[in-house]
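Each residue of the sequence shown is one higher than the last, beginning at 1 in the numbering used here.
Calculated directly from the structure, the hints in this document are not laboratory data.
C-beta atoms are modelled at their ideal positions from N, C-alpha and C, and glycine is treated no differently.
Do not rely on the hints blindly, as some may be mistaken.
[As the list claims (entries may be wrong)] Label-pair ranges, simulated between beta-carbon atoms:
1) 334 - 70: 40 to 46 Å
2) 124 - 238: 30 to 36 Å
3) 146 - 384: 48 to 54 Å
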Amino acid sequence: MDIDTGVVLAAGEGSRLHPLTHNRPKPMLPAANRPILEYVLDALIDAGIERIVLVVGYKRDRVQDHFGPSYRDVPVEYVIQSKQLGSGHALQQAASVVEDSFVVVNGDRVVDTGLVESVVEAADPADAATLAVLEHRHARRYGAVTMDAETDRITALVEKPSDDDYRLINAGVYLFDRSVFDALAATEYENGALPLTSGVERLIEEDAVRAVRTDGLWVDATYPWDLLTVATEVLRHGIVEGHQRTPGVWVADSARVNDDASLQAPVVVGPDCEVAAGAVIGPNVALGRNTTVSANTTLARAVLDTDCRVAPGSTLLDCVAGQDVHLGADTTVPGGPAEVRVGDSVFHERLGAVFADRVRAEGGVTCVPGALVGTNARLGTGVVVDGRVRANARVVR
Numbered sequence: 001m002d003i004d005t006g007v008v009l010a011a012g013e014g015s016r017l018h019p020l021t022h023n024r025p026k027p028m029l030p031a032a033n034r035p036i037l038e039y040v041l042d043a044l045i046d047a048g049i050e051r052i053v054l055v056v057g058y059k060r061d062r063v064q065d066h067f068g069p070s071y072r073d074v075p076v077e078y079v080i081q082s083k084q085l086g087s088g089h090a091l092q093q094a095a096s097v098v099e100d101s102f103v104v105v106n107g108d109r110v111v112d113t114g115l116v117e118s119v120v121e122a123a124d125p126a127d128a129a130t131l132a133v134l135e136h137r138h139a140r141r142y143g144a145v146t147m148d149a150e151t152d153r154i155t156a157l158v159e160k161p162s163d164d165d166y167r168l169i170n171a172g173v174y175l176f177d178r179s180v181f182d183a184l185a186a187t188e189y190e191n192g193a194l195p196l197t198s199g200v201e202r203l204i205e206e207d208a209v210r211a212v213r214t215d216g217l218w219v220d221a222t223y224p225w226d227l228l229t230v231a232t233e234v235l236r237h238g239i240v241e242g243h244q245r246t247p248g249v250w251v252a253d254s255a256r257v258n259d260d261a262s263l264q265a266p267v268v269v270g271p272d273c274e275v276a277a278g279a280v281i282g283p284n285v286a287l288g289r290n291t292t293v294s295a296n297t298t299l300a301r302a303v304l305d306t307d308c309r310v311a312p313g314s315t316l317l318d319c320v321a322g323q324d325v326h327l328g329a330d331t332t333v334p335g336g337p338a339e340v341r342v343g344d345s346v347f348h349e350r351l352g353a354v355f356a357d358r359v360r361a362e363g364g365v366t367c368v369p370g371a372l373v374g375t376n377a378r379l380g381t382g383v384v385v386d387g388r389v390r391a392n393a394r395v396v397r
């Protein structure tokens with residue numbers, strides 16, 4: 001089938017990723033050193049999509065300002081979901097700007113071109129929908145799919161599997177004809193929201209959804225520390241911008257890396273970054289645009305977004321920093337196993353710390369593994385951060 005339009009659902013907030021989504025939507029969080037949404041648009045364009053419709057909502061200016069009217073010479077049209085009432089409701093907002101058949105992709109997960117191509121190539125005009133599915137060891141986390149292997153028909157979407165017997169998940173890459181809008185219109189809201197999967201389930205009841213199994217790249221961030229895994233996967237697959245100096249080491253042309261600094265693969269250093277003498281960067285480190293890492297600093301398994309500053313003598317392990325984070329001299333984030341509390345839930349993860357946008361830390365700050373520091377927080381000299389620090393808080397000794 002000839003498909004030229006791709007609809008990207010990028011209106012959601014990503015509340016479980018707080019405090020990083022305080023100022024921007026989940027699709028604009030960093031996958032290595034670029035926004036997640038860039039990878040989604042790249043996948044569509046490289047698969048031959050010639051027109052992109054972006055459904056935006058929460059903090060939509062962050063998306064629109066970043067991409068503008070086109071991306072890689074492909075026109076981008078924006079449709080606004082004023083209230084975040086679910087992914088199905090988001091797609092309904094695009095009903096007036098799409099015709100015939102079109103691709104739909106979730107904008108908050110990194111996917112590669114192969115996922116999109118597999119759906120387009122497998123699509124049959126007789127089907128209302130085609131859905132990419134893939135094997136995943138954590139199907140219980142994402143919701144499972146069952147299919148008939150002989151007919152390639154989706155037989156059920158299992159939102160919350162009760163056991164680990166399920167292996168296939170919905171990759172969030174679809175090809176629909178316009179009947180999806182009829183299915184959504186006939187579907188009742190659930191707890192004030194209309195999920196896209198509810199409309200798909202109605203089409204499944206009509207035996208109208210084809211499955212295509214794929215093994216392409218698919219990686220999601222549910223919680224802030226998942227951005228470390230996202231970066232690791234992006235680096236492992238080599239879908240990184242910048243000149244590859246040596247295997248697994250990407251450095252932008254405008255970056256400045258001192259000859260006495262050490263870059264240990266895999267690592268990416270973004271545009272206009274500066275890495276000083278004696279710094280040891282990597283493995284599994286991503287530096288966003290205009291980030292400065294000062295002398296004798298050690299970073300491993302870390303993601304630093306744009307405009308960050310790390311002062312001399314600091315150590316950041318298993319660390320995520322949002323935009324415009326400034327960490328003073330001798331900041332220590334030791335990393336390792338942590339007990340992280342989010343609401344009423346407790347997670348056992350490998351996490352040093354998460355610093356949300358515009359955090360300022362003075363010299364000698366130490367973070368106990370699992371620290372979550374909110375937007376605009378101020379950490380005074382020599383403080384020890386344990387647990388969660390609220391947005392705009394000031395912590396002193």
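* Find the hints from earlier in the document that the structure breaks and name them by number, from lowest to highest. => none
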